[in-house]
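One line per chain: the protein sequences are A and B, in this order.
Residue 1 is where the first sequence starts when you use the working numbering, and the numbers rise one by one after that.
Residue 1001 is where the second sequence starts when you use the working numbering, and the numbers rise one by one after that.
If you are wondering where the hints come from, they were derived from the structure by calculation, not from laboratory data.
Glycine included, every Cβ here is placed at the ideal spot set by N, Cα and C.
Please note that the accuracy of each hint is not assured.
[Unchecked claim] Calculated Cβ distances over 10 Å to all of chain A for the following chain B residues: (1) 1003; (2) 1006; (3) 1049; (4) 1051; (5) 1056; (6) 1066; (7) 1071; (8) 1072; (9) 1082; (10) 1088; (11) 1091; (12) 1098; (13) 1101.
[Unchecked claim] Where chain B lies over chain A, by a calculated footprint (3+ residues, C-beta under 8 Å): (14) 55-63; (15) 620-631.
[Said to hold, decoys possible] Beta-carbon label-pair distances, calculated as ranges: (16) 1076/B to 59/A: 47 to 55 Å; (17) 23/A to 1101/B: 46 to 54 Å; (18) 82/A to 1082/B: 29 to 37 Å; (19) 59/A to 1082/B: 44 to 52 Å.
For reference, the chains in residue letters:
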Amino acid sequence: MMLLPPILRRAARRLLRMLRWSRADRDLRDEVAHHLEEAAARHLAAGLSPAAARRAAALDFGGRDRWLEETRTARGVIWLQHLFADGRYAVRQMRSTPVLTVVAALSLAAGIGVVVAVVALINGAFFKPLPVPAPEELHRVYTSRDVFQGRGGEPYGWSSYPDFEDIRDSGIFTAAAAGFHVSAAVVGPSFGPARRTVHWVTPDYFDVLRLRLAAGRPLAPGGYEPEIVISHRVWRRDFQADPEAVGRVIEVNGVPLSVVGVAPPEFLGTVLDGEIFGWAPLLLQPRTAIYGVPFDDRGSRRLEILARLPAESSLATARARLDALAGRLASAHPEAWRRRDDSPHLLTIVPEAAVRAGGRPGGLAMASALMSIGLLLAGVLLVACTNVAGLLLARALTRRHEVAVRLTLGASRARLTAQLLMESLLLAALGGASGWLLGHWLTRLIEARFVMGAFDPAPDGRVLAITMVAALGCTVVFGLAPLRLALGADIRSALQRTAAAGRTRSFGRGAVIAVQVAAATLLLVASFTAAGGMRNHQRMDPGFQMSGLLVAQLDRTAFRSDTVRSPAYSAGVVELAAALPGVVSVGSALHMPMGDFRAGLDEMLQPDSALNLAFNVVTPGFFQTLELRVASGRLPRPVEVRDSPVAVVSRAYARAVGGNPVGGMLRGGSRLGRLPVVAVVDDARTHLTEAPAEPFVYVVRGAGAPAATRTFQAHDNVFLRVRPGAEASVARALVRGLRQRFPEALPPRVRPFSAVVGEITAYQEAGARAAVAIGAVQLALAAVGLYGMLLFMAVARTRELGIRLALGARPRQAGWAVAREGVAWSVRGTLAGALLAVPALLVGRYFLIGGGAFDPINFIAAVLTLVVAAVAAAWAPVRRAAGIAPAAALRHE
Amino acid sequence: MDVRQGTLDLLVLRTLAEEPAHGWAIAQRIEMLSEDALRLNQGSLYPALHKLEDGGYISGKWGIAEDTRRRVKVYSLTARGRSRLSAEEADWRAYVQAMELVLGGQP
């Protein structure tokens, strides 16, 4: 207190006293009572009777209560008392108009809730610092990616193990760790073989993070021990928070690992990719996974490097030293360090926090995404706020008379402002608090469905601060317009109760309604179209026969890189399936049609042209099973591809390269060599949207060809064409047969192909559902806005309408008089929204599943929905206008 | 004669310059020092006291009165109050002198 400058000291003292105002008030009364006693005692000594002495003392003092009040004012305590009084008054006001209050608070809560949820998710994913000591020292180091397919290489590629060792030992960093994450077949204490993501890290990982484990110890320094540190969530859920968990043994891809530690609860890992099961030694990896990281191959770049820069060294220095290191590496290892365009690779360093905030590839996309999300949020909040303003405006109007009377009686404008602002603040608190709760709930919902342990989106202080600023700013700024209306009133006209007819026709308010209605129309058309697209996609022509098509998704992870058992499993499944009754033909493919076709492409094919190629690796039976027609050439027989693969291309490929490609050669990557092109087949749909078919290459190989299986990833999709009605029995028989023959494998999922498509489209479906939800919220907000506007007009024109009714107007005419302007603006908004929806849909059809067909039905449905909402919103205000009793209206303030 | 508006602060500060006192005693002392020429509107003392305290010119402490053994609030002058007192005293004397010059010119 002594260290503060006097002005602050006084302010602090005043604040302290205000906080203890009831005690201060008691003290003041005590002080004055003492004065009066002393005065009375003196009068008593002068010979007055006790009663007369007290009277004389009071007389000397003057009006006691007046002086008490003046003393309180002098001390500033009065403010606090006024504040409480204003609060009580505001609560009473709100309780007298419950519908209005609830609607305004809900409108605000909806706006704030969306802001909280989105800000919390963005904050959790990108801006929360890692929960480790000194997170600002952590950096990621990248080796630039190769130039590929005519696209410039980017600076943020992974690194090889020898490069990591050179970077770690360069002396630039205090410590460095490397790792990569991949899903593995894990057998835990409470579950059988299941896919979990394991982060394979060098043993320094926990040292670099300076992480204190919740239990046990970090990975042993050598890095070869068969052990694992599990995440806290896994410990709680899968180990039932067993205190004896450390020391137990689990199986990862068939290799037993003993649990040596449990990560702290707040640490969810350093990769944003689903829930991390645990951290296991990277050097153990060749034994436990299909993709062995070749530790001695400088050109095999699969590791992400995390390093701690000493606090005192700058990023610029580190950058310069890394450049020098890259130069040395490029001259020492020209083969691995020369890119295809002959430029050397580069090393890039990025702060960990910046990587999370999008300083990586796609950083620009991230920034623009954040920007558009921000704009969208501002829009939602703006709509919510204008609604609140509209409602407050209606209320302010009903109170103009009251305010005018009080002004006439000498109330200060400052006091009235404080009182009206108090109501806004209370509303902000109410809306903000419910918005906060709503936001929390939304965040939990989104977390459970989409985030799934990848990061912690729980709102923190930062989110709370943004919420409070939004809620306060919104209500205070938008509470000002009603304030001006109430206080700026010309007292005489307000006292004479002349209707402010001129004020009711506000262009601004009408335009806000129109914009809201337009947005609602646009969103409704979009959501109806999206919903329609979802229904359509089942009927869509995928380019191949969907009905009667079963797919078994095999997972060979359990066989790891076993070059005998793994291909034997693949071949065994095909053999078993082909022998089942009801099966017409069987073929397998590396990628699921309509899934992701580009993974691993750069290792497989090196197209001569800059074609945007998609590819799949299939067995000869694939084409027959999917009933893809041959356009030219001849499909290979299984025996022809047993030892060396061939290529089959799509019509789109043939069109793209021009001429008939059959008989030519396709240049494969180092793993495939040159591939003869043997046939052209019809285009199959590669996406669920209406985007045109892409040039497609099928690498055709024999089932379980050893060379191929080792190269390709751990999944196989075996397709079965079955006779109509035999789907269920074939699926059951296949699962049963596989369980008997390969008990150690992860059980395959056998489903109709349409179900797989449903899974692939789950995200788009979620997007469509989100569009419907946003449309519904926007519809509700527009309805609330309309309600507020009409209510305002009904109130403002009560007196005028009363006169008209008294002069013989019909109630219906009075109702229409109120509704007319709202209807006019709504119609304008609907038209604008519908017009905007046309170009939006033309663009959207490339992104929407089912093609986002341009369907007038969707427009009609959207407009009808809006009409219903508008009628519902207008009901109460119009009823109010129509139900005006002339006699009462003429007395109305 | 009633205490003129605006002079009460100066009177309070001057009184407290002698020794700390509670409200009643301050009122008594003002009347006594002026030989009962000044009559204080006693209630007005309290807004003035609290304002001065708020401004940091005087500080109030609760204590026990020696004679009545009652809880009383005793005010004392702070350093800030002392400098304000000397400034206002100088102002007042200059003012009185000027008034005297003007009025002294009359026949």
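Legend entry - 8 Å C-beta test of the stretch 620-631 of chain A against chain B, three or more residues: Our answer is that it is violated, as 0 residues pass the Cβ test (under 8 Å) against chain B, missing three.
Legend entry - Outside-interface status for residue 1071/B - nearest CB in chain A farther than 10 Å: violated (7 Å)
Legend entry - residue 1072/B remote from chain A - nearest C-beta pair above 10 Å: violated (6 Å)
Inset, instruction - Hey, is residue 1098/B genuinely clear of chain A, shortest beta carbon separation above 10 Å? - result: At about 30 Å from chain A, residue 1098/B clears the 10 Å cut-off, so the statement holds.
Legend entry - Assertion that chain B covers the stretch 55-63 of chain A - criterion: three or more residues, beta-carbon distance below 8 Å: This one holds; 4 residues, not fewer than the three required, reach chain B with a Cβ under 8 Å.
Inset, instruction - Starting from the range 46 to 54 Å, see whether the pair residue 23/A and residue 1101/B falls in it by beta-carbon distance. - result: holds (51 Å)
Legend entry - Beyond 10 Å from each Cβ of chain A, as asserted for residue 1003/B: holds (12 Å)
Legend entry - Status of the stated non-contact between residue 1056/B and chain A (beta carbon gap over 10 Å): At roughly 6 Å from the nearest Cβ of chain A, residue 1056/B sits no farther out than 10 Å, so the non-interface label is violated.
Legend entry - residue 1082/B remote from chain A - nearest C-beta pair above 10 Å: Holds: least Cβ distance 15 Å, greater than 10 Å.
Legend entry - Beyond 10 Å from every chain A Cβ - status for residue 1091/B: Holds: least Cβ distance 22 Å, greater than 10 Å.
Legend entry - Beyond 10 Å from every chain A Cβ - status for residue 1066/B: Residue 1066/B clear of chain A: closest Cβ-Cβ about 13 Å, beyond 10 Å.
Legend entry - CB-CB spacing for residue 1082/B and residue 82/A relative to the 29 to 37 Å hint: holds (35 Å)
Hints 3, 4, 5, 7, 8, 15, 16 and 19 from the earlier list are contradicted by this structure; the remaining hints agree with it.
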